[in-house]
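Spelled out, the chains give:
2 protein chains.
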Amino acid sequence: MIFSVQVKVMPLRELLDPQGKAVMGGLQNLGMKSVSDVRIGKNITLQVEAESSELAKQIAEEASKKLLANPVMEYFEISVN
Amino acid sequence: MIFSVQVKVMPLRELLDPQGKAVMGGLQNLGMKSVSDVRIGKNITLQVEAESSELAKQIAEEASKKLLANPVMEYFEISVN
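Protein sequences appear in the order of chains P and X.
Here the first sequence is numbered in my numbering, starting from 828 and rising by one per residue.
Here the second sequence is numbered in my numbering, starting from 828 and rising by one per residue.
In short, the hints are calculated from the structure, not lab data.
Glycine residues also receive a C-beta, built at the ideal position from the N, C-alpha and C atoms.
Among the clues, some could well be false.
[Stated by the list, open to error] List time: in silico DSSO-like cross-link candidates among lysine-lysine, alpha-carbon distance up to 27 angstroms:
1. X:LYS860 <-> P:LYS848
2. P:LYS860 <-> X:LYS860
3. X:LYS884 <-> P:LYS869
4. P:LYS835 <-> X:LYS892
5. P:LYS860 <-> X:LYS848
6. P:LYS892 <-> X:LYS869
7. X:LYS893 <-> P:LYS892
8. X:LYS884 <-> P:LYS892
9. P:LYS892 <-> X:LYS892
10. X:LYS835 <-> P:LYS835
11. P:LYS893 <-> X:LYS860
12. P:LYS869 <-> X:LYS893
13. P:LYS892 <-> P:LYS860
14. P:LYS884 <-> X:LYS892
15. X:LYS893 <-> P:LYS884
16. P:LYS848 <-> X:LYS893
17. P:LYS860 <-> X:LYS892
[Said to hold, decoys possible] Pulled a few chain X residues facing chain P out of the computed Cβ check, cut under 8 angstroms:
18. MET828
19. ILE829
20. VAL862
21. GLN885
22. PRO898
23. VAL899
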């Protein structure tokens, strides 16, 4: 069975996010003063062939650790649809 | 009140996603043959000051249209926590 797995990779909360800061500056220049913080990460959708959603999640976790996320700067969250 | 709004920006389904294809190649080289498709987009977290979650969602939608997403190549989904 094929599962659609979402992996959200975000910069660690303790770290600055220069891309997010730049986008926040852009929004404020556009007059959107009600946005007080912006953080930008990646959203990765994997199509995983597996016997159960648990196994699909394990495969996505392995992929995240090996390739998708850099643990020095990022954390990841996985959800299976 | 401050709402945390998630904006998911993904490449349109009709378009190729070269970054995703490259990552899929990488995963297959690592021996993870059960992953059959990868698409990569952005995940943006906004802290929005608004009176209700409906208004926060509207502000995030305006920000997405004006700056965060390029409608020629991307679509976006908004969820408010």
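Quick rundown of the hints versus the structure:
no. : hint                  : in the structure
1   : X:LYS860 <-> P:LYS848 : 38 angstroms, violated
2   : P:LYS860 <-> X:LYS860 : 47 angstroms, violated
3   : X:LYS884 <-> P:LYS869 : 20 angstroms, holds
4   : P:LYS835 <-> X:LYS892 : 22 angstroms, holds
5   : P:LYS860 <-> X:LYS848 : 38 angstroms, violated
6   : P:LYS892 <-> X:LYS869 : 19 angstroms, holds
7   : X:LYS893 <-> P:LYS892 : 34 angstroms, violated
8   : X:LYS884 <-> P:LYS892 : 33 angstroms, violated
9   : P:LYS892 <-> X:LYS892 : 33 angstroms, violated
10  : X:LYS835 <-> P:LYS835 : 10 angstroms, holds
11  : P:LYS893 <-> X:LYS860 : 14 angstroms, holds
12  : P:LYS869 <-> X:LYS893 : 20 angstroms, holds
13  : P:LYS892 <-> P:LYS860 : 37 angstroms, violated
14  : P:LYS884 <-> X:LYS892 : 33 angstroms, violated
15  : X:LYS893 <-> P:LYS884 : 35 angstroms, violated
16  : P:LYS848 <-> X:LYS893 : 17 angstroms, holds
17  : P:LYS860 <-> X:LYS892 : 16 angstroms, holds
18  : MET828                : 11 angstroms, violated
19  : ILE829                : 7 angstroms, holds
20  : VAL862                : 5 angstroms, holds
21  : GLN885                : 10 angstroms, violated
22  : PRO898                : 16 angstroms, violated
23  : VAL899                : 19 angstroms, violated
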